[in-house]
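Protein chains: 2
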Amino acid sequence: MNYNDFDKTAAYKRLLELAPRGKGFDFASRLTGERVRKAAVPLAAGLTYSWAAKAVDDPVLEALQALADEQELVGKYRALVEGETMNTGENRKVLHHLLRGQLGKPVLHEGKNLGEFYARERDRFSAFAAAVHAGKIRGSTGKAFTTAVQIGIGGSDLGPRALYLALENWAAAEGKGRLQAKFISNVDPDDASQTAASGNLEETIFILVSKSGTTQETLANELFIKEKLIRAGLDPRKHLAAVTSETSPLARNPAYLDSFYIDDFIGGRYSSTSAVGGVILSLAFGPEVFSELLAGAHEADQNAREPKAAANAALLDALIGVWERNFLGYPYTAILPYSQALSRFPAHLQQLDMESNGKRVNRDGVPLAYSTGPVVFGEPGTNGQHSFYQLLHQGTDIVPLQFVAFTESQRGDDVEVDGSGSQTKLKANLAAQIVAFAKGKTDTNRNREFLGGRPSSLIYGKRLTPKALGALLAHFENKVMFQGFIWNINSFDQEGVQLGKVLTKKVLAARAGGSSGDSVLDAYSGILGV
Amino acid sequence: MNYNDFDKTAAYKRLLELAPRGKGFDFASRLTGERVRKAAVPLAAGLTYSWAAKAVDDPVLEALQALADEQELVGKYRALVEGETMNTGENRKVLHHLLRGQLGKPVLHEGKNLGEFYARERDRFSAFAAAVHAGKIRGSTGKAFTTAVQIGIGGSDLGPRALYLALENWAAAEGKGRLQAKFISNVDPDDASQTAASGNLEETIFILVSKSGTTQETLANELFIKEKLIRAGLDPRKHLAAVTSETSPLARNPAYLDSFYIDDFIGGRYSSTSAVGGVILSLAFGPEVFSELLAGAHEADQNAREPKAAANAALLDALIGVWERNFLGYPYTAILPYSQALSRFPAHLQQLDMESNGKRVNRDGVPLAYSTGPVVFGEPGTNGQHSFYQLLHQGTDIVPLQFVAFTESQRGDDVEVDGSGSQTKLKANLAAQIVAFAKGKTDTNRNREFLGGRPSSLIYGKRLTPKALGALLAHFENKVMFQGFIWNINSFDQEGVQLGKVLTKKVLAARAGGSSGDSVLDAYSGILGV
Numbered sequence: 000m001n002y003n004d005f006d007k008t009a010a011y012k013r014l015l016e017l018a019p020r021g022k023g024f025d026f027a028s029r030l031t032g033e034r035v036r037k038a039a040v041p042l043a044a045g046l047t048y049s050w051a052a053k054a055v056d057d058p059v060l061e062a063l064q065a066l067a068d069e070q071e072l073v074g075k076y077r078a079l080v081e082g083e084t085m086n087t088g089e090n091r092k093v094l095h096h097l098l099r100g101q102l103g104k105p106v107l108h109e110g111k112n113l114g115e116f117y118a119r120e121r122d123r124f125s126a127f128a129a130a131v132h133a134g135k136i137r138g139s140t141g142k143a144f145t146t147a148v149q150i151g152i153g154g155s156d157l158g159p160r161a162l163y164l165a166l167e168n169w170a171a172a173e174g175k176g177r178l179q180a181k182f183i184s185n186v187d188p189d190d191a192s193q194t195a196a197s198g199n200l201e202e203t204i205f206i207l208v209s210k211s212g213t214t215q216e217t218l219a220n221e222l223f224i225k226e227k228l229i230r231a232g233l234d235p236r237k238h239l240a241a242v243t244s245e246t247s248p249l250a251r252n253p254a255y256l257d258s259f260y261i262d263d264f265i266g267g268r269y270s271s272t273s274a275v276g277g278v279i280l281s282l283a284f285g286p287e288v289f290s291e292l293l294a295g296a297h298e299a300d301q302n303a304r305e306p307k308a309a310a311n312a313a314l315l316d317a318l319i320g321v322w323e324r325n326f327l328g329y330p331y332t333a334i335l336p337y338s339q340a341l342s343r344f345p346a347h348l349q350q351l352d353m354e355s356n357g358k359r360v361n362r363d364g365v366p367l368a369y370s371t372g373p374v375v376f377g378e379p380g381t382n383g384q385h386s387f388y389q390l391l392h393q394g395t396d397i398v399p400l401q402f403v404a405f406t407e408s409q410r411g412d413d414v415e416v417d418g419s420g421s422q423t424k425l426k427a428n429l430a431a432q433i434v435a436f437a438k439g440k441t442d443t444n445r446n447r448e449f450l451g452g453r454p455s456s457l458i459y460g461k462r463l464t465p466k467a468l469g470a471l472l473a474h475f476e477n478k479v480m481f482q483g484f485i486w487n488i489n490s491f492d493q494e495g496v497q498l499g500k501v502l503t504k505k506v507l508a509a510r511a512g513g514s515s516g517d518s519v520l521d522a523y524s525g526i527l528g529v
Numbered sequence: 000m001n002y003n004d005f006d007k008t009a010a011y012k013r014l015l016e017l018a019p020r021g022k023g024f025d026f027a028s029r030l031t032g033e034r035v036r037k038a039a040v041p042l043a044a045g046l047t048y049s050w051a052a053k054a055v056d057d058p059v060l061e062a063l064q065a066l067a068d069e070q071e072l073v074g075k076y077r078a079l080v081e082g083e084t085m086n087t088g089e090n091r092k093v094l095h096h097l098l099r100g101q102l103g104k105p106v107l108h109e110g111k112n113l114g115e116f117y118a119r120e121r122d123r124f125s126a127f128a129a130a131v132h133a134g135k136i137r138g139s140t141g142k143a144f145t146t147a148v149q150i151g152i153g154g155s156d157l158g159p160r161a162l163y164l165a166l167e168n169w170a171a172a173e174g175k176g177r178l179q180a181k182f183i184s185n186v187d188p189d190d191a192s193q194t195a196a197s198g199n200l201e202e203t204i205f206i207l208v209s210k211s212g213t214t215q216e217t218l219a220n221e222l223f224i225k226e227k228l229i230r231a232g233l234d235p236r237k238h239l240a241a242v243t244s245e246t247s248p249l250a251r252n253p254a255y256l257d258s259f260y261i262d263d264f265i266g267g268r269y270s271s272t273s274a275v276g277g278v279i280l281s282l283a284f285g286p287e288v289f290s291e292l293l294a295g296a297h298e299a300d301q302n303a304r305e306p307k308a309a310a311n312a313a314l315l316d317a318l319i320g321v322w323e324r325n326f327l328g329y330p331y332t333a334i335l336p337y338s339q340a341l342s343r344f345p346a347h348l349q350q351l352d353m354e355s356n357g358k359r360v361n362r363d364g365v366p367l368a369y370s371t372g373p374v375v376f377g378e379p380g381t382n383g384q385h386s387f388y389q390l391l392h393q394g395t396d397i398v399p400l401q402f403v404a405f406t407e408s409q410r411g412d413d414v415e416v417d418g419s420g421s422q423t424k425l426k427a428n429l430a431a432q433i434v435a436f437a438k439g440k441t442d443t444n445r446n447r448e449f450l451g452g453r454p455s456s457l458i459y460g461k462r463l464t465p466k467a468l469g470a471l472l473a474h475f476e477n478k479v480m481f482q483g484f485i486w487n488i489n490s491f492d493q494e495g496v497q498l499g500k501v502l503t504k505k506v507l508a509a510r511a512g513g514s515s516g517d518s519v520l521d522a523y524s525g526i527l528g529v
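Which chain is which? The protein sequence lines are A and B, in order.
Going by numbering that gives the first Met the number 0, 343 is the number at position 344 of the first sequence; the sequence numbering is gapless.
Going by numbering that gives the first Met the number 0, 382 is the number at position 383 of the second sequence; the sequence numbering is gapless.
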């Protein structure tokens, strides 16, 4: 396998030459009904990736495919799933795909079959959830659990939270809702305090999630909750379960009802399909719903093995993103789901993308001369239409867009107003926006003119089910992975979080001794009243 | 008053010359403890704006002040509050400041004193809220209201929602919580369906908010809720109140318990301090809490009249933002509150900023040659630290940062772990991040190197009270206003939302007739199953 910097490839030079085609892409003539019907790739689980409204044509697509081949993207993906050390900075394998199914030969580590390990843990937490649902595991006063609260931050929070919200209404409509889920993440004490005060602790099970078992925020929130439980006359050991690694201080600890394990090969932001997301989602909706989500993710993982971008949605999405980032010069991407259920999905993708690919050195630590991961942000439509879309339509800069939409709502509960239901209005708005962004509108009043030329993609499907959601999640994970391979960076570490941790410790230590040894830290501590 | 394009000013040329000072700003030597203690401006209501970690020095500040003077920013603000037509596109006054208090001479319009009009409406909805609290206004089965649901979108949703969440814990701690508030915004039917199913309709009052009375999403959601009420055997007239303009179809309509009015001079994204935010917040926390919020906003509005940026936090914040946008070339800004209560405040500011200043023509409709409003995004810290901060620290691009923090938590409920409480940890993390972003860290392992040079500002105060929140809200409104004046754009219209509306109507109309007349619209309608 070659690991060349992106700007050393032949495809890079070719794409630089082609850049004017994208910058001047004439959507008015190029975006036709026929293109909309043809420019689409099956993704997985009934989802389709449509790139009709992206500023690409055949020569660009050919050059992007050449880039994929030259950077051996699918080959690197194969090496990754088979256990090659792709997290070079931390010298680790990257195995979140294995949580969803086997894609290549078995992965062994120190004699252990990791696929079997992950499956065993899944079986264990499935049985745990079933026992909670059956009332075999109860709180310390004998009451059945009705609420599950996840205590975790970052990857232990954003993904599981986004997935829970994405399925809450589906589960209600399908009679799959078991426990209500809540989340405590921030070290801001108001977060834990409010959640603790908002429900009945007697009927609440807390899931403590920290791979290392040393996450400052999560441990503080655990103690916060333990004190509340004790003060309420409850036994914390009957109200807490843990998700961690086998080497963490939390492992095999009698302080918990049970503990479920992941390992160093499951990165935080890639851990939603492990016990990190699995325990809370299985408690909330049942283990069979979580299995469906995994099946959808596995299907997308399989799709991502296709060598041709024309048949590989994640690969094509990744390549077009790089086209926009490095050749058209757009420093951001907006994620705009036309689905209220996906209200926090952009926050998860923001982490997934920015934490993975916000890197300025290559996988060997050499500074790069080109841009890597963009800023990612987004809110659901139609809400965003009444908010920041103004800038997207008429601002001085172009922001590439990624839409997501479904034919049917989750709850199937709708109302007809002026001849159409709300779900129909939702979709009509999206169709209108895609065309408005791409084609614009001339006007003699320049304030009412829309230049168009705003590219967008669209992922669409019939309904946001667990399977579709799993596919959607894995699609973006794989897209980010391919972009990391293109840029020749390590998408799987996060050294950028370390300095803050070190300085925080200095600040806290200084409270006893007077000074942290850094007058600026001391000054900020002073004005903030640390 | 002159209305010159920004790039025609002498200060623009001077700032272009100074740009290298900002790009190469040496935080390692320039950011000292003394600078942290001195580089701060009182904002209002006990809040302070600290610009110590911004890439500005005296020559830059002098040039920025010259820009403020040359573009007559404070003079334009005075003209605005006294009723000059500042929304040139729609030929309207811009009067949200008048909702909070009188800053200049009375504003008359067609013989009507608008300050008195706004105050009268405030008195009316205050009395309405008090009557609900006293049980004088009840639902159709005679039960007291316990929940208030706002039905609105964009400015009728994001601001009020952010403010409600910002005060929910404060109110709980202070015994000020009256009704629980919820929000329905999206035309996605799952949004209204879930909210309707989540509470007891008998005890719920709905506040329908649409200035024009014609907002598609809001009217669909109103009918959705009315059907639910009728099906539950309730009388919708006893469960609905309206906030609208006096000329809207909703005005003086017996379908509502009562109606409260705003006018065309209160823009949606600037309407949180009108009845749009006032009714729901007064129901949730009591009218006196809303009055406190207005008092804080008024104090910030007063501060914004100072001609010197050294004493005018909103003006200085605006100028530094323009420095970063136009001279240092940063196309985005992150809003990072270290306060879980402000979890949706970035989404409000995203609308406020991007919808106001995402414009590519000047106030006379002439296309501009310079960049205007940046992309705005953000999530609360410390959550973001475990997510997208990786890119902020080690990405290939620099993202300017705006932090917000408070010495005390809202609930005062904390736990000591490893020698410090959670609120202390929260603040220690922030102090550490500011220094890490500015100063970075060298390392022989380049993957662990932090270049620093990431500028940030900090707004801090003692506690997030209604008054502090009002000041914070007004600060950002005024900042955005000043930036609009600098860029010579109209920050108060939103023509960029119109094209989508027109095309949506075409799509919906085509459902009866077969084709919209646009084959691309039809094709997207086809794949989405409109």
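Derived from the structure by calculation, the hints contain no laboratory data.
Please read these numbers as outputs of a predicted model, since none were measured by experiment.
Treat the hints with care, since some could be wrong.
Given that identical chains are not distinguished, each listed pair holds provided it fits within a single copy or across any two copies.
[What the hints assert, rightly or not] Dumping the calculated DSSO-like pairs for lysine-lysine here, alpha-carbon to alpha-carbon at most 30 angstroms: (1) K104 x K12; (2) K307 x K505; (3) K504 x K175; (4) K175 x K461; (5) K22 x K12; (6) K37 x K225; (7) K440 x K142; (8) K440 x K104; (9) K37 x K504; (10) K75 x K142; (11) K237 x K22; (12) K22 x K181; (13) K12 x K175; (14) K22 x K175; (15) K135 x K461; (16) K440 x K7; (17) K181 x K104; (18) K225 x K461; (19) K22 x K7; (20) K505 x K111; (21) K440 x K75; (22) K12 x K37; (23) K37 x K505; (24) K135 x K37; (25) K504 x K135; (26) K461 x K505; (27) K225 x K505; (28) K22 x K135.
Which numbered hints are broken by the structure, listed smallest first? Hint check: 1, 2, 3, 6, 7, 8, 10, 11, 12, 13, 14, 15, 17, 20, 21, 24, 25, 28 fail, others pass.
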